[in-house]
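These are the residues of each chain, in order.
Number of protein chains: 2
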Amino acid sequence: MPPTLDILGIGNAILDVLARADDAFLAARGLDKGAMRLVGTEEAEALYAAMGPGIESSGGSVANTCAAAAALGARVGYLGKVANDLPGQVFGHDMRAAGVAFDTPPLVGGAPTARCLILVTPDAQRTMNTCLGACVAFGEDDVDEAAVASAAVTYLEGYLFDPPAAQAAFRRALRIAKANGRQVALSLSDPFCVGRHRDAFRALLRDGVDILFANEAEIISLYEAPDFATAAKAVRAEVPIAALTRSAAGSVIAAGEETLLVAAAPTQVVDTTGAGDAYAAGFLAAHARGLPLAKCGRWAALCAAEAISHVGARPQTDLKVLVGA
Amino acid sequence: MPPTLDILGIGNAILDVLARADDAFLAARGLDKGAMRLVGTEEAEALYAAMGPGIESSGGSVANTCAAAAALGARVGYLGKVANDLPGQVFGHDMRAAGVAFDTPPLVGGAPTARCLILVTPDAQRTMNTCLGACVAFGEDDVDEAAVASAAVTYLEGYLFDPPAAQAAFRRALRIAKANGRQVALSLSDPFCVGRHRDAFRALLRDGVDILFANEAEIISLYEAPDFATAAKAVRAEVPIAALTRSAAGSVIAAGEETLLVAAAPTQVVDTTGAGDAYAAGFLAAHARGLPLAKCGRWAALCAAEAISHVGARPQTDLKVLVGA
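Protein sequence lines, in the order shown, are assigned to chains S and U.
Numbering follows the working numbering, in which position 270 of the first sequence is assigned residue number 270; successive positions increment by one, without gaps.
Just add 325 to wherever you are in the second sequence, counting from 1, and you've got the working numbering.
The reader is advised that the hints may include incorrect statements.
What the hints assert, rightly or not - In silico EDC-like cross-links for lysine to aspartate or glutamate, where the CA-CA straight-line distance does not exceed 20 angstroms:
id	chain 1	residue 1	chain 2	residue 2
1	U	K358	U	D448
2	S	K320	U	E582
3	S	K320	U	D448
4	U	K645	S	D22
5	S	K178	S	E238
6	U	K645	S	E45
7	S	K178	S	E216
Said to hold, decoys possible - What the simulated footprint calls covered on chain U by chain S, stretch by stretch (three residues with Cβ under 8 angstroms from a Cβ of chain S suffice, anywhere in the stretch; the number is not a length):
id	stretch
8	369 to 376
9	381 to 391
10	541 to 555
11	637 to 646
No lab work stands behind these hints, which were simulated from the structure alone.
Every residue gets a Cβ at the ideal spot worked out from N, C-alpha and C, and that includes glycine.
Extracted from the complex, chain S is given alone in its bound form:
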């Protein structure tokens, strides 16, 4: 059967709270600039109390990708766990308003919807502190078999390896996708996340990931490689398509024998939150249209540039116009 969805995303459903902070604020709290770390409820409350004024918006890495891919015209669905609370309702509204099908039942009577406290420093870098909340309740049963079977690409979020029950869900999604002749994409999400789950990520690649998204630090960490070139060579042997991002240096797409260098699109950098998510959206939306890899890389670069030109992870301009779709 032809797929009825272009992309089905599976990830942590999160409300972002973005605030400006200076380097001293990060240093005083021992925060690694540019990284994501997991925090408990009490630590999140203390950090929030100390943070500057915030802007709230729906986030979550793969959820951001899904919203942007839908804006580009792709047929998109999403699986992720919110709670039955106000942020959960806002998350659901924002997904559906973006044109993404989202029907995972919310968690009732448990932890609240996940929050990510994001500190944006004057150099436009974002440092993330995630309180997983209801996301820890996402499990195998939340993997909608019909949805996975109907999606050309199922896109898995590396961060979803952190909640304990989600690894089994990932393996189930991969099995269903493969049994139905569909593709699987994976984002490595964060170098520390790779460090926590290196073996599981490597196993997942070998089990049939078709498209891998990673930045330089993540792919080096995955292979514990001495440098980017070594890591890029290793991933080429394991994954049919690897899109490796290098910030202002653009990206490298390794596909079998083929290597494409994609320039970053010029823009004023305001906040890097969501850059990688938008990159994946542009890539997957162009891929869904059957466009050649060079075009996938171009759409990816344009969407990443849009994301970093404003505060917040989700698109604020018309992406179809931006890429000329």
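Following the hints, position chain U against chain S.
This is chain U only, laid out in the frame that chain S set:
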């Protein structure tokens, strides 16, 4: 006694939800572009369901002014009514994190914290739909006598004339300020708001408003004048200082015999939400430092330009650096 606060703001405490919309969306719902209208809970729910993905941030006209004035170094307090809910906690956090003293007790067991659904059209205009919620519970008792007596300027939000109990609160605040030799500033907020409360606004001016903020449509509506020049002449006879904004044409400051023309500061216009609020912040913060009117107008223009250069009403850059304070 010398004042211990430069500015005490009194207004509707609101959570903003901003989303992009096209002109057809406004037309289909009979919405007046650029205006604010009041909506009930059911209408707000229906509009939210139809709206695009949103960005949430603390808003409220005078609350926005207070946050920006504090960022400019002024000593600022705020009075306004939120509910004891998550948006109310977010509002309180954002005010205190901005450096604004905010201690109005939240409403318990009543309506939720006010929301304003803001539709931003491609021409960067914002159209606002406010569900007042807990704001209607703001009354005379919430006017903290010691705070008003200690503030050099008490700044009243015209929109606060809409909740029924707030007009008495306004008159009480004005009495206390005047009895303590303090100044009172007023924003007319919106031309339709002026139409609803014209006589009450005119009475308040005569009772001793020292500084008035209004845009062209508002001041014309206040005096039911045939044109801007006629309205400007009328207000000059009633108020010591009137700062009259004219969008891209800059502003006119009328102060007794004196007239100052202030140019708008150049910027790329993304979203006009909060432009007037930021203008008032720049003006009042410079006024608090005893700067001359030309400088008050310059700070006002710079802050307004910052506000319209991004999505959302509150400042996203360092305002002190911006104005050279």
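Tell me the numbers of any earlier hints that the structure contravenes, in ascending order. Hints 2, 6, 7, 10 are the ones this structure does not satisfy, whereas the remaining hints hold.
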